[in-house]
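Here the protein sequences come in this chain order: D and L.
Residue numbers for the first sequence follow the numbering used here, beginning at 1474 and rising by one.
Residue numbers for the second sequence follow the numbering used here, beginning at -8 and rising by one.
Hints are not guaranteed to be accurate.
[As the list claims (entries may be wrong)] Between beta-carbon pairs, the in silico distance windows are:
id, chain 1, residue 1, chain 2, residue 2, range
1, D, Ser1543, L, Lys2, 42 to 52 Å
2, D, Gly1535, L, Pro74, 36 to 46 Å
3, D, Val1533, L, Val102, 31 to 41 Å
4, L, Thr17, D, Ala1482, 31 to 41 Å
5, L, Val102, D, Arg1550, 22 to 32 Å
6, D, Glu1488, L, Asn64, 41 to 51 Å
7, L, Glu70, D, Ser1543, 39 to 49 Å
8, L, Thr(-4), D, Thr1476, 39 to 49 Å
[What the hints assert, rightly or not] Listing some non-contacts, in silico: residues in chain L with all C-beta distances to chain D over 12 Å:
id, residue
9, Gly7
10, Asn19
11, Ala43
12, Leu71
13, Pro74
14, Gly85
15, Gly96
No lab work stands behind these hints, which were simulated from the structure alone.
Think of the CB as a built atom: it goes at the ideal place given N, C-alpha and C, for glycine as much as any other residue.
Residues per chain are reported as follows:
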Amino acid sequence: TQTVSQSDAHVTVFEGDSVELRCNYSYGGSIYLSWYIQHHGHGLQFLLKYYSGNPVVQGVNGFEAEFSKSDSSFHLRKASVHWSDSAVYFCAVRSSSGSWQLIFGSGTQLTVMP
Amino acid sequence: EAAVTQSPRNKVAVTGGKVTLSCNQTNNHNNMYWYRQDTGHGLRLIHYSYGAGSTEKGDIPDGYKASRPSQENFSLILELATPSQTSVYFCASGDKNTEVFFGKGTRLTVV
């Protein structure tokens, strides 16, 4: 069974700060990891993904994430946040074989203060 | 551009009534998903499909049926709607190693 844990329900930072949103997963096989963003009242939009290769992946709007097999983590980072980055961020995991279930974490609400 | 279209966008249904939520994708993706989103629970998978004619149970399938009559269309059916099924429902499509594309959501209220 795959599970995804986002330990921080809320993160508040100031504009220009760096931020890291945490994601840990549990799954024994090959997996496909991704991050999505949801602005209030809207659907989810894709940010970035990791399947294999370089463990640091770049996404849209300056976001990047780093995969760590030893820590079972896929944390999302941004060096300098903007007020428009305020949203809910979801980490997701999917098996790369067999079941194609895409399982989401509970989300982290990021609030960027001016 | 990849697109997932949900209809209706808003729906009010009566308890015990039948509700059908429709989803259409133009991405030619094999996999399609139905989620519900509730405060405090994030997104929970209801049903998913590997292709036309296939439906699989997700984490919370009770009270829901799904139908995939074609590659493009994936419906979620509530035969006997209950107030506990009041939620925002999202449809999505994706394939192996691709990102998953989401619809804009359907807000369902069961009174």
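Item checked: Assertion that L:Ala43 lies farther than 12 Å from chain D (Cβ) -> holds (15 Å)
Next item on the list: Just tell me: holds or violated, for the beta carbon distance of D:Ser1543 and L:Lys2 against 42 to 52 Å?
Entry: Since the Cβ atoms of D:Ser1543 and L:Lys2 sit about 46 Å apart, the hinted range of 42 to 52 Å holds.
Check: Holds or violated: is the Cβ of L:Gly85 farther than 12 Å from all Cβ atoms of chain D?
Finding: violated (7 Å)
Item checked: Outcome for the supplied range 39 to 49 Å, where the beta carbon pair is L:Glu70 and D:Ser1543 -> The hint (39 to 49 Å, Cβ to Cβ) holds, given that L:Glu70 and D:Ser1543 are roughly 47 Å apart.
Notebook entry, point to check: Regarding D:Gly1535 and L:Pro74, is the given constraint of 36 to 46 Å on their beta-carbon distance met?
Noted result: holds (42 Å)
Check: Just checking, L:Asn19 versus chain D, shortest CB gap more than 12 Å?
Finding: Answer for L:Asn19: holds, closest chain D Cβ roughly 16 Å.
Notebook entry, point to check: Does the Cβ distance between L:Thr17 and D:Ala1482 fall inside 31 to 41 Å?
Noted result: holds (35 Å)
Checklist line | C-beta pair D:Val1533, L:Val102: status relative to the range 31 to 41 Å that was hinted | finding: This hint holds: roughly 40 Å between Cβ atoms.
Check: With d taken as the least Cβ-Cβ distance between L:Gly96 and chain D, does d exceed 12 Å?
Finding: With a cut-off of 12 Å, L:Gly96 comes too close to chain D, as the shortest Cβ separation is near 5 Å.
Check: Can we confirm that no CB of chain D comes within 12 Å of the CB of L:Leu71?
Finding: holds (26 Å)
Next item on the list: Hint says 39 to 49 Å; check whether the CB-CB distance for L:Thr(-4) and D:Thr1476 agrees.
Entry: violated (31 Å)
Item checked: Supplied distance hint 22 to 32 Å, evaluated on CB atoms of L:Val102 and D:Arg1550 -> violated (44 Å)
Hint compliance for this structure: hints 5, 8, 14 and 15 are broken, all remaining hints hold.
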